[in-house]
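Undergrad: Let's have the full structure, built from the sequences with the hints guiding it.
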Amino acid sequence: MMGEQPFETIVGAHHAEIYRYLRRVTSRAAEAEDLSQETFLRAYRAYKTLGPDANVRAWLFAIATNLGRNHFRSEKRRRVAHQAVSVESREADPEGPEDEARFGEARTLLESTVQGLPLKQRLAFVMRKIHDLDYDAIGRSLDCSAESARAHVFQALRKIRLSLNGHELPPARGVETSPLNMEQPR
Amino acid sequence: MTRKPNGCLEIEPDLVAAATGDAEPGASRRVEHHIDSCDACRREFHRYREIEGVVGVLRRGPAAADSVARAREGLESRLADLRSRLVSYRVFPSPLGHILIARSEHGVSLVEYLHGGTDLSMSRLSRVGGVEAQEDGAEIEALYRELLEYLRGDRTRLEWPLDLRLARSDFHRAVLRATAAIPYGAVTSYAGIAAEIGKPAATRAVAQALRWNPLPIVVPCHRIIGTSGALTGYSGDKVGLKQQLLAVEGIQAIGKRSDSRVARNTLYHYDRNDQHEYCLPTCGDIARRPIGPVTLLASRELAGALGLVPCSACRPDLHPLAA
Numbered sequence: 001m002m003g004e005q006p007f008e009t010i011v012g013a014h015h016a017e018i019y020r021y022l023r024r025v026t027s028r029a030a031e032a033e034d035l036s037q038e039t040f041l042r043a044y045r046a047y048k049t050l051g052p053d054a055n056v057r058a059w060l061f062a063i064a065t066n067l068g069r070n071h072f073r074s075e076k077r078r079r080v081a082h083q084a085v086s087v088e089s090r091e092a093d094p095e096g097p098e099d100e101a102r103f104g105e106a107r108t109l110l111e112s113t114v115q116g117l118p119l120k121q122r123l124a125f126v127m128r129k130i131h132d133l134d135y136d137a138i139g140r141s142l143d144c145s146a147e148s149a150r151a152h153v154f155q156a157l158r159k160i161r162l163s164l165n166g167h168e169l170p171p172a173r174g175v176e177t178s179p180l181n182m183e184q185p186r
Numbered sequence: 001m002t003r004k005p006n007g008c009l010e011i012e013p014d015l016v017a018a019a020t021g022d023a024e025p026g027a028s029r030r031v032e033h034h035i036d037s038c039d040a041c042r043r044e045f046h047r048y049r050e051i052e053g054v055v056g057v058l059r060r061g062p063a064a065a066d067s068v069a070r071a072r073e074g075l076e077s078r079l080a081d082l083r084s085r086l087v088s089y090r091v092f093p094s095p096l097g098h099i100l101i102a103r104s105e106h107g108v109s110l111v112e113y114l115h116g117g118t119d120l121s122m123s124r125l126s127r128v129g130g131v132e133a134q135e136d137g138a139e140i141e142a143l144y145r146e147l148l149e150y151l152r153g154d155r156t157r158l159e160w161p162l163d164l165r166l167a168r169s170d171f172h173r174a175v176l177r178a179t180a181a182i183p184y185g186a187v188t189s190y191a192g193i194a195a196e197i198g199k200p201a202a203t204r205a206v207a208q209a210l211r212w213n214p215l216p217i218v219v220p221c222h223r224i225i226g227t228s229g230a231l232t233g234y235s236g237d238k239v240g241l242k243q244q245l246l247a248v249e250g251i252q253a254i255g256k257r258s259d260s261r262v263a264r265n266t267l268y269h270y271d272r273n274d275q276h277e278y279c280l281p282t283c284g285d286i287a288r289r290p291i292g293p294v295t296l297l298a299s300r301e302l303a304g305a306l307g308l309v310p311c312s313a314c315r316p317d318l319h320p321l322a323a
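Residue numbers (the numbering used here), protein chains in the order written: chain A, 1 to 186; chain B, 1 to 323.
What the hints contain is simulated information worked out from the structure, not anything from laboratory work.
Just so it is clear, the structure is predicted and the values come from calculations on it, not from any experiment.
Do not take every clue at face value.
[To be verified] Pulled a few chain B residues facing chain A out of the computed Cβ check, cut under 8 Å:
no., residue
1, T20
2, V55
3, V68
4, G74
5, D136
From the three backbone atoms N, C-alpha and C, an ideal C-beta is built for every residue, glycine too.
TA: Right, here's the structure in full:
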C-alpha cells in the first residue's frame, strides 16, 4: 500500500521531533544528527509498504529507537575499548533564563540521571514523558508489551526520585488542590 | 530507609503513575483512597508531583533550532542521493521464463530475462554501480499484470514511464527511444533505426545497443530485425523468445532457429513514399527490397492507424492478406 502523503510531508511534520528525541537519548549532537537522518532514509525505503491507516509518528519513533539501540550496542563496545565517555554540555535553553533559575539545578541533576538510566528505561521514559507516546507505541518500539513499557517508565521515575532525594524542588503547580485533579490530561 | 508496608509497596506503581498524570481511572481512585489514610504515601505523591514539574521543563529542551535545521539540511541531501539510487524490483514467472522488473522514482528502468536463477545475484542490477536495489511489491505487481496481459495478446501497449539511466550511453538511449517508437505489429531493421537517428552507418552499433537494451518488450527491440528479414539475435541466443513476441503481434517467422526470418509474404509492406501508400508483398519487387527503408506491418488496421493509405496499384484494401 502506498503511503497517503508524499514523503516530504512526513519529513516536514516529524523530523524535528525525531531529532529532538534522539538528541535526548544520545550524548552527542552529531550522533543525533546522523541517527535522525538514518531514521528517515530507512523510513523512505519502507514508506511504500506502509498501510494507509498506519500511525506514521509511532512508526518513525520505532525506527529511531531501533537504530538508537543498535547504535548503543556498538557504542558500548567502543567505549569499553577506549574508556572515554564525554557528554557534551547542554545546549542553550531556548525558553529563557526564568526556567533556568527556577529549575536549574534540579534539571541538570534530572538530565544526568536520565542519561544514566538503563537504555530501555531511558528510551521508554523519554518517549512517554517528553514525547507523549502511548504505551502501545512504546512497547512496539522496544519489542515489549505495553505493560513492560509502563514498568520501564515506573522504574525510571523511581530512580529519578531517588537521585533527587534531599533536593528541594519547586512546588508543583496545583499540588495544594485535591488529588481528584490528578486525572487531568497532561 | 525503613521498609514500606505491603499495601504501600503494592500501590507504588499506581501512585507514581497518578502523580505524574499517567494513571488509568481505576488506579487513580485506589491511590486517592490510599493516600487519604497514609501520610508517607501522600508525601511521596507530592514529591512525584514536583518531579513531574521538573520533567515538564525537560520537555522544552534540548536542541536549538539551528542544530535541527542543520540535521534537516543533511537529511535532504542524503534523501536526494538515496532517491536517485534506489531501485525497487521483483522477479516473476512468465510464459517467457523468469522476468525481473525494476523501477526507480523516474520510471521502469529494467526488464530482464533471468536465465538460470531467480535471485538478485543473477541480475544486471547486482552488477551496476551506484544502484541500491530493494525487493518491493505492489507497484511492480501492477506492471507485471500488464506485462502478462501483453504477453497474452490482451494488451498492445505498455505505457510505462521509462528511466533509461541503465543504458550505457547517450547513443544507446537515442537507439532505445527510436526503437520505442516502432508500433505494435510493425517490424523494421537495425539499419532502419540507424537511419532514423541520423547515423546511417551505425547499423552494428545499433545492434549492439539493442543487445544491451535494459527494457526488452517495453522498448520493443524484438521488432528490429536484419535487413534480409532474419530475426538475428535476441537476449543472447534466445531467438525463440523474439519469435514468440512477434507471433503475439501477428508477425510469423519461418525457418529454423539460427536462420529464422519473418514471413514477408504474410505482411503488408511500406516503402517510404510521398503518397504514404502501403502495399501487398506481391506489389512489384517490394518484398525483395531490404527491410530498413521498408517497414513491415501485420495488419491493414495498423497501416490505417499510422496514416497510410492502400496502394492504388496492388489495392491491399481489395485483396487483404489472409489473417
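Undergrad: Indicate, hint by hint, whether the structure satisfies it.
TA: Hint check results:
With a cut of 8 Å, the hint placing T20(B) at the interface with chain A holds, because the nearest CB-to-CB distance is about 6 Å. At its closest, the beta carbon of V55(B) sits 5 Å from a beta carbon of chain A; the interface hint therefore holds under the 8 Å criterion. Interface restraint check for V68(B): the shortest CB-CB distance to chain A comes to about 5 Å, inside 8 Å, so the restraint holds. Among the interface hints, the one on G74(B) holds; its C-beta lies about 6 Å from the nearest C-beta in chain A, closer than the 8 Å criterion.
About 7 Å separates the beta-carbon of D136(B) from the nearest beta-carbon of chain A, less than 8 Å, and the hint is met.
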